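Student: Residue-level listing of the chains:
Number of protein chains: 2
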Amino acid sequence: MPLQRTDTWINKYFPISIWLKNYTKEDLNGDIFAGIITAILLVPQGIAYAMLAGLPAQVGLYASILPPLLYAFLGTSKTLSVGPVSIAAIMIASALSAPEITVLGSSVENAIILAAEGGLILLLMALLRMGGLVNFISHPVLTGFTSGAALLIILSQVPHLLGLSKNQCGFDLGCYSQYFQQINSYTAGLALLSITLLLSFGSPLSILLNQLKVKKNIITGISKCAPLLAVVLTTFLVRFYQLSDNQHVTIVGEIQPGLPEISFSFINNLEQWKALLPSASFIAIIAYVESVAIAKVTANLRNQKINPNQELIALGAANLATAFSGGMSVAGGFSRTMVNFSAGARTQMAMIIAVILLSFAVIFFTEQFTYIPKAALAAIILIAILPLVKLREIITTWKYDKSDGLAELITLLGVLALGIEEGIALGVIITILSFLRRTSRPHIAIVGKIQDTHHFRNIKRHQVETWKNLTLIRIDENISFANVSYIIDFIENETIHKSHLEHVILIFSSVSHIDTTAFEALENLINSLKKQNILLHLAEIKGPVFDKLKQTNFINHLSPGKVFFKTIDAIDDLAN
Amino acid sequence: MPLQRTDTWINKYFPISIWLKNYTKEDLNGDIFAGIITAILLVPQGIAYAMLAGLPAQVGLYASILPPLLYAFLGTSKTLSVGPVSIAAIMIASALSAPEITVLGSSVENAIILAAEGGLILLLMALLRMGGLVNFISHPVLTGFTSGAALLIILSQVPHLLGLSKNQCGFDLGCYSQYFQQINSYTAGLALLSITLLLSFGSPLSILLNQLKVKKNIITGISKCAPLLAVVLTTFLVRFYQLSDNQHVTIVGEIQPGLPEISFSFINNLEQWKALLPSASFIAIIAYVESVAIAKVTANLRNQKINPNQELIALGAANLATAFSGGMSVAGGFSRTMVNFSAGARTQMAMIIAVILLSFAVIFFTEQFTYIPKAALAAIILIAILPLVKLREIITTWKYDKSDGLAELITLLGVLALGIEEGIALGVIITILSFLRRTSRPHIAIVGKIQDTHHFRNIKRHQVETWKNLTLIRIDENISFANVSYIIDFIENETIHKSHLEHVILIFSSVSHIDTTAFEALENLINSLKKQNILLHLAEIKGPVFDKLKQTNFINHLSPGKVFFKTIDAIDDLAN
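Each protein sequence line maps, in turn, to chains A and B. Going by our numbering, the letters in the first sequence line up with residues 1 to 576, in that order. Going by our numbering, the letters in the second sequence line up with residues 1 to 576, in that order.
Extracted from the complex, chain A is given alone in its bound form (with noise of 0.2 Å):
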């Protein structure tokens, strides 16, 4: 049995094991082509979340070589995309533009410990079992971010699609006609062309091919080189007019060629990595969760199933391959999965044929990747950002349930007013707290007997048998701290000025917690109850609950109220 042991354990933490063993040659056929047109946008989008960053371009291409090698072999979904992604990537320029982190070390440094940090935090997250945690990331709140994260991301692009400097107006009116005078029209001119592409390379183009009876698989592969396409012919432009020497278009410059080398250097400086672990716990969380619901959005689609944990773990590991080989932080990229995904690919295969041709530019044609104008990069970024902006939804999202509304909205506002970790933070609270609110108003209901059964329904519905002597109190959920008040004030207004009343009867059978709170409310009750002549009992309390109680003074305290198994019991006990 040992070896079949050893099988499992393969088996739970490389899932490759499991889809290579069945691998088929239509699998390769697809995922060859995915693999093809996926690398085709790896080095447009590795460069381009590199500069969005504030990074030099190849810590985004060495995002794209080792991490999605790991996830290959480690993730649950099988055409999840992983390498640099804009969300990221707008964290990370934040976290590191903070004066009290650009002191500390080089940018590259900070972001390649961001990345280690990340990564060690997603793996102790599934250590301790804690992917459950991003659940209270709510969807409003993620919707919410994602809106103004890219809004930012698309504010943060104007100049460089306009070819200004920095912005520095801030709320300063004046002086952003100035500023807008100084736009360098070859620099839009390149935008404008690159954008023009990339959105005539989407609908028009493929409804067009279709009409020419061109093989499906063709026109999605075409339809996807539009990013490249850009590149390359705005490249050929610069070079060719020297638009970059003689019209000041600002362009990638040189990269260092060659593969990403093996580095530890950055492990021990204690003072960065005390200084960026909450940046670095935002964009890991961040990074899970968009993982996570893109590849839940494809696995869906195919009918197969992710498994959270082991997620946690394949984002570690990639997080913390990137940092070893010199990138930046990495996660599942929405358009990008997508692109992997209507290409055709069948599994991960097809991001490892990928990474491998990435490998070869970056070995051989980085030199041809100077001349790029960040205006295309900056026009791919915008195209690859909007659908993300989704101010839509917020209304939807009201009128659907007001306090999720507020929440979304408040998260939008709050990271464009106060800062993205700011935003995502404060979105979380007020979920938090809606929902604390909302289970703080528990339900309820006074029940009474149905004629000649042993039912009890609530006295508000049902025409039920009731007495004079008694209540009958049926609490609907568990007792903790959030609302033992609401419960307590109800059942003192159910009995003040009662001069018949002898028993309150509390039917716990939807009951089945009391938190310490609650615990320690409810003896109170039982004091002031009895102060009143009044006694409380008990009646269909659940097993582990009974338990619990039993193991305190809480029976003895009780008495001479009762412990009833079934409310009839308490009835014909009491009743008179």
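These are calculated hints, taken from the structure and not from any lab test. Where hints are given, some of them may not hold.
If several chains are the same, the list does not tell them apart, and a pair holds so long as it fits within one copy or across any two.
Unchecked claim - Calculated cross-link-like contacts (lysine-lysine; reagent style BS3-like; alpha-carbon spacing at most 30 Å):
{"id": "1", "residue 1": "K498", "residue 2": "K215"}
{"id": "2", "residue 1": "K296", "residue 2": "K562"}
{"id": "3", "residue 1": "K542", "residue 2": "K531"}
{"id": "4", "residue 1": "K566", "residue 2": "K399"}
{"id": "5", "residue 1": "K449", "residue 2": "K12"}
None of the values given here were measured: they were computed from a predicted structure.
Following the hints, complete the assembly by docking chain B onto the known chain A.
Tutor: Then chain B, alone, in the frame of chain A:
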């Protein structure tokens, strides 16, 4: 009718108008005696808690004049004794000693702003009816916090008790042997004398006097005079032997005589207000929580009611009053309220009488306070605070509920290691997280039909009829971001690899709310089940939930899945 309305309004916001109407001579007798006893306690406590907060003595005395008067008019507790309290005092000390605060102004000025801000925060909470928010400070967190703060207070009094300078040793253990060599034996002797007096005036003296058949009332009165006696005796010794000049025994020093003047000069320093806001919020909330807790204890003993929202108003006004009259933050004090109560206070008239007596003392006798040795005051603080250290409760709580016990322990350790505000924040976060964790695993039951009835019950607990082509799943809680992934996982595990399964019917009889996150997850579930050729249906939806779903596209999305009024209808329609 307008007269009557005004009447109700006055009764609501000025509870004094109710009890004063029925005030009897008997009440007055009780109140006079209790007022005298409480006044005797107010003087040393006022000076001691000012010392604890690191403020001049008069700041504590001033806080004992206007605030209890205002509370007497506005408060709903008949016996709560409002004034300076130990826990708030140590929180003030910690807030005022922060380096970024000390540069902003004098300690007294900062303390007054803390009180004013706290008062405004409580009034704002009253206005927004946010009193319920304090329920989120669960009982274990409050106990852990109180124990931790009490330990910090005791530690802070050690130098006063032993006549040492401020302890600067930190974790350097070698330093302590040197430090403790500097003990001033005269100071330590006075402290020991005070502690002996305070302890022997508790039960030992009461038992003795009881055996001598002294009236119970008188015994209570005498036993409460210990603090006064300790102060008088030690002060006499200091003056007689000139211990402050000859033996360096630290004394209170000169206190400004006379009543406080009303001043508004602290209002216009925005920077100070901003910097003190976080601490002011913590102090105000803790002051409120502890006051209401104490008020409830004494109210329960006499079958009276506390109105939490009116308490926000009363304590808010009391804290504003203390600020305007140059005092420190106030709350209901535990030991002082118990003294007032057990000395026979019937109404807040006792506190009015105590304030009048204290005012006389402040006008005519401040000179006598000059030579009070700080050691005696430290002893009073020590004895008052000791019962608040409840380390054994952590074990009791742990035995009853592991996560509550952990929250209590971590709060205590957090207060000691990280600081008072940090500790309580940590405790609240842990409580909420473990609450969310618990609610993230709702009760879900697969149900079947009890033969010959229309009742459906858990298949695990009852013998019921089931069908091969459908599964009935009853969800016993509201569906929200916190538990939806658990629910979806449960349903998916029930549906996977069941080739006969055609229908899943969710019974929503206990679901009264579905939030946005859950709503979208359910939509995705419908899709993924459809891919497995399984239809999702709903049964027993409550009115409000159905109305909400109808607003959206959900019902179309569900189709051809249906919504059934009763579960039995679904069986009639779908089972085969």
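Student: Could you run down the list of hints and mark each one as holding or not?
Tutor: Here is what the structure says about each hint:
| no. | hint | in the structure |
| --- | --- | --- |
| 1 | K498 / K215 | neither (82 Å within a copy, 38 Å between copies) |
| 2 | K296 / K562 | between (51 Å within a copy, 26 Å between copies) |
| 3 | K542 / K531 | within (28 Å within a copy, 39 Å between copies) |
| 4 | K566 / K399 | between (43 Å within a copy, 28 Å between copies) |
| 5 | K449 / K12 | neither (54 Å within a copy, 39 Å between copies) |
Against the hints set out earlier in the document, violations occur for numbers 1 and 5.
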